[in-house]
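The residues making up each chain are set out below.
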Amino acid sequence: DGGITQSPKYLFRKEGQNVTLSCEQNLNHDAMYWYRQDPGQGLRLIYYSQIVNDFQKGDIAEGYSVSREKKESFPLTVTSAQKNPTAFYLCASRPGPGGQPQHFGDGTRLSIL
Amino acid sequence: RKEVEQDPGPFNVPEGATVAFNCTYSNSASQSFFWYRQDCRKEPKLLMSVYSSGNEDGRFTAQLNRASQYISLLIRDSKLSDSATYLCVVNIYGSSNTGKLIFGQGTTLQVKP
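Chains A and B are the protein sequences, given in the same order. No gaps in the numbering here: position 26 of the first sequence is 590 in my numbering, and each next residue is one more. No gaps in the numbering here: position 94 of the second sequence is 85 in my numbering, and each next residue is one more.
Source of the hints: derived by calculation from the structure; they are not laboratory data. None of these values were measured; they are calculated from a predicted model. One thing to keep in mind: the hints can contain errors.
Cross-link-like lysine-lysine pairs, in silico, DSS-like; alpha carbons within 25 Å at most [claimed, not checked]:
#1 LYS91/B x LYS(-7)/B
#2 LYS(-7)/B x LYS635/A
#3 LYS70/B x LYS621/A
Here's a subset of chain A near chain B, in silico, CB distances under 7 Å, partners left out [said to hold, decoys possible]:
#4 PRO603
#5 GLY662
#6 ILE676
Chain B stretches covered by chain A per the calculated footprint, using a threshold of three residues with CB under 8 Å from any CB of chain A [stated by the list, open to error]:
#7 12 to 20
#8 44 to 55
#9 63 to 71
Virtual Cβ for every residue (Gly too), placed ideally from N, Cα, C.
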């Protein structure tokens, strides 16, 4: 089945620790996105990538980093600089940067220990 | 002012009712529009795209009013399974024909027996 796979489903972070969230897609999509969703809030864009080896900051990039070494993969690292990382993280992709809708993975819930 | 605004609700309706949601957007460069559905603690899923001429998919009808910069979603004959949060999404074209999706906060619908 084609789709977007995020792992792990649940993740716990200790103070001062970096953690990496995985996002893999087999849809052959060029564009990939990371969002954060807090309870009762809308989605906020963290980073996005429209092509391999290139990515741009979204609206709330501070404390996060990404890489796009392969078309299928767009991992997100939540660094220790992100002081309030507890949230629901969603990865999305779409064929290109134009007007198509995005399709989402089933998300990773990150909590602080 | 938020770029995409929705009434968060909740809208509490009985089964079989007709319910309508509106969404306004502020950027006239918005070029494509979508409604997503998000169940509690799940990822958003595309419900339908919104076309200029309006479009229907079963019990769901979406309409776009470019002059007034709003889109709407009408749900007829509401089912218990329609209970969810409905996200209004607009795609804004920037330079180099790249697009950015802006998500509304969502409108929560509760359908009661």
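Do the hints match the structure? See the list:
1. Among the hinted pairs, LYS91/B with LYS(-7)/B is consistent with the structure: their alpha-carbon atoms are about 15 Å apart, no more than 25 Å.
2. This hinted pair does not check out: LYS(-7)/B and LYS635/A have alpha carbons roughly 33 Å apart, beyond 25 Å.
3. A C-alpha spacing of about 40 Å is found between LYS70/B and LYS621/A, which places the hinted pair above 25 Å, so the restraint is violated.
4. Violation of the interface hint for PRO603/A is found here, the shortest Cβ-Cβ separation to chain B being roughly 10 Å, above the 7 Å cut-off.
5. Against a cut-off of 7 Å between C-beta atoms, the interface hint on GLY662/A holds, since the closest Cβ of chain B lies about 5 Å away.
6. Evaluation of the ILE676/A hint against chain B yields a violated restraint, the C-beta minimum of about 18 Å exceeding 7 Å.
7. For a cut-off of 8 Å, the count of residues in the region 12 to 20 of chain B with a CB near a CB of chain A stands at 0, and the three-residue condition is violated.
8. Counting residues of the region 44 to 55 of chain B whose beta carbon lies closer than 8 Å to any beta carbon of chain A gives 0, which falls short of the minimum of three for the stated coverage.
9. Coverage of a stretch by a chain is defined here by at least three residues with a beta carbon nearer than 8 Å to that chain's beta carbons; for the region 63 to 71 of chain B and chain A the count is 0, and the condition is violated.
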